[in-house]
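Undergrad: Sequence:
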Amino acid sequence: MHIFANWKMYLNLQESMEVAEGVAEFDLHEDTNLVIYPNPISFCETYDALEKTDIDLGAQNVSWTPKGAYTGAISAHIFSEAGAKYALVGHSERRHIFGESNEATKKKVKACLEEGLTPVLCIGETKEDLNQGDKELVLGEQLAAVFGGLDLNADDIIIGYEPVWAISGSGEGESCSPVKAEATHAWIKEQTKNYVEGEVDVIYGGSVESSNVVSYTSSANIDCVLVGHASAQVEEFQSLISAVESSYDK
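If you count the sequence shown from 1, you need to add 478 to reach our numbering.
In case anyone wonders, no lab produced these hints; they're calculated from the structure.
A hint or two may mislead.
In silico BS3-like pairs for lysine-lysine, Cα to Cα no more than 30 Å straight-line [to be verified]:
1) Lys486 with Lys658
2) Lys563 with Lys585
3) Lys667 with Lys613
4) Lys605 with Lys486
5) Lys588 with Lys545
6) Lys545 with Lys671
7) Lys667 with Lys588
8) Lys613 with Lys588
9) Lys545 with Lys613
Cβ pair distances, simulated, as ranges [to be verified]:
10) Lys545 with Ser655: 42 to 52 Å
11) Val657 with Ala502: 16 to 26 Å
12) Ser579 with Lys671: 34 to 44 Å
13) Gly594 with Gly550: 36 to 46 Å
14) Glu559 with Glu496: 17 to 27 Å
15) Thr531 with Leu615: 13 to 23 Å
16) Lys671 with Gln492: 44 to 54 Å
17) Thr531 with Glu559: 36 to 46 Å
18) His574 with Leu628: 22 to 32 Å
19) Ile519 with Lys658: 34 to 44 Å
20) His507 with His574: 30 to 40 Å
21) His507 with Glu581: 38 to 48 Å
Where is the CB? At the ideal position from N, CA and C, for every residue including glycine.
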């Protein structure tokens, strides 16, 4: 089961090392696929801290160009060379704060695949989309931009559903109920069948904590979670993982 930890910009270098050292001590279940997404400055040090574990690392964002005169960009190629196995693509904060388009997202997914990274395609609707009844339209467009433009297999990519209004730090102060999240995940999986054979894993992200994680992971169509702020605190993150793992055989 996937547990993806997006540290965003919560931690500086020293704090990242402290959390990484704590995470390295976790006694993980063999069925847990834990991936840490540190900030770029902390990436290599975090890699070193976790090198002797089964924990993988991912990039929070990538550039679609492999190299060249692109000030401030870090390519999928560079992250792959540094040891990344995964990359977040199209995260709502990239889309809505930095104005990244569906076309840019498709290019990034393509770059990840070319470099051997598994892209985690993040999709989600805003509160305005939801209120206007445009949720499925928006999600469908985000999916079509990538799946309709690339030749993909089901196991090439993971989808992260993150309703923008439910993300910690979004300012909305709301949560997406497990029932609604489950229904949306089922809809997303059905939509991907228009493009690929087999079933694409879909994980949930949106204010996931130790106190509510099992209510999401126990749902049939939620293939685990993308955790934000809770993953940047060792004790809370350990509690969250323990909660998930304790539910494996139930």
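Undergrad: So, for every hint listed, does it hold in this structure?
TA: Hint check:
1. Lys486 with Lys658: holds, 26 Å
2. Lys563 with Lys585: holds, 18 Å
3. Lys667 with Lys613: Measuring from Cα to Cα gives roughly 15 Å; hence the hint holds.
4. Lys605 with Lys486: Holds: Lys605 and Lys486 sit about 22 Å apart, inside 30 Å.
5. Lys588 with Lys545: holds, 15 Å
6. Lys545 with Lys671: violated, 34 Å
7. Lys667 with Lys588: holds, 20 Å
8. Lys613 with Lys588: Distance of about 25 Å is within 30 Å: holds.
9. Lys545 with Lys613: Since the Cα atoms of Lys545 and Lys613 sit roughly 36 Å apart, the hinted pair is violated (cutoff 30 Å).
10. Lys545 with Ser655: 42 to 52 Å: Given range 42 to 52 Å: holds, Cβ gap about 45 Å.
11. Val657 with Ala502: 16 to 26 Å: Distance hint for Val657, Ala502 is violated at roughly 36 Å.
12. Ser579 with Lys671: 34 to 44 Å: With Cβ atoms ~25 Å apart, the hint is violated.
13. Gly594 with Gly550: 36 to 46 Å: violated, 24 Å
14. Glu559 with Glu496: 17 to 27 Å: holds, 26 Å
15. Thr531 with Leu615: 13 to 23 Å: violated, 42 Å
16. Lys671 with Gln492: 44 to 54 Å: holds, 46 Å
17. Thr531 with Glu559: 36 to 46 Å: Given range 36 to 46 Å: violated, Cβ gap about 20 Å.
18. His574 with Leu628: 22 to 32 Å: holds, 23 Å
19. Ile519 with Lys658: 34 to 44 Å: This hint holds: roughly 37 Å between Cβ atoms.
20. His507 with His574: 30 to 40 Å: holds, 35 Å
21. His507 with Glu581: 38 to 48 Å: holds, 39 Å
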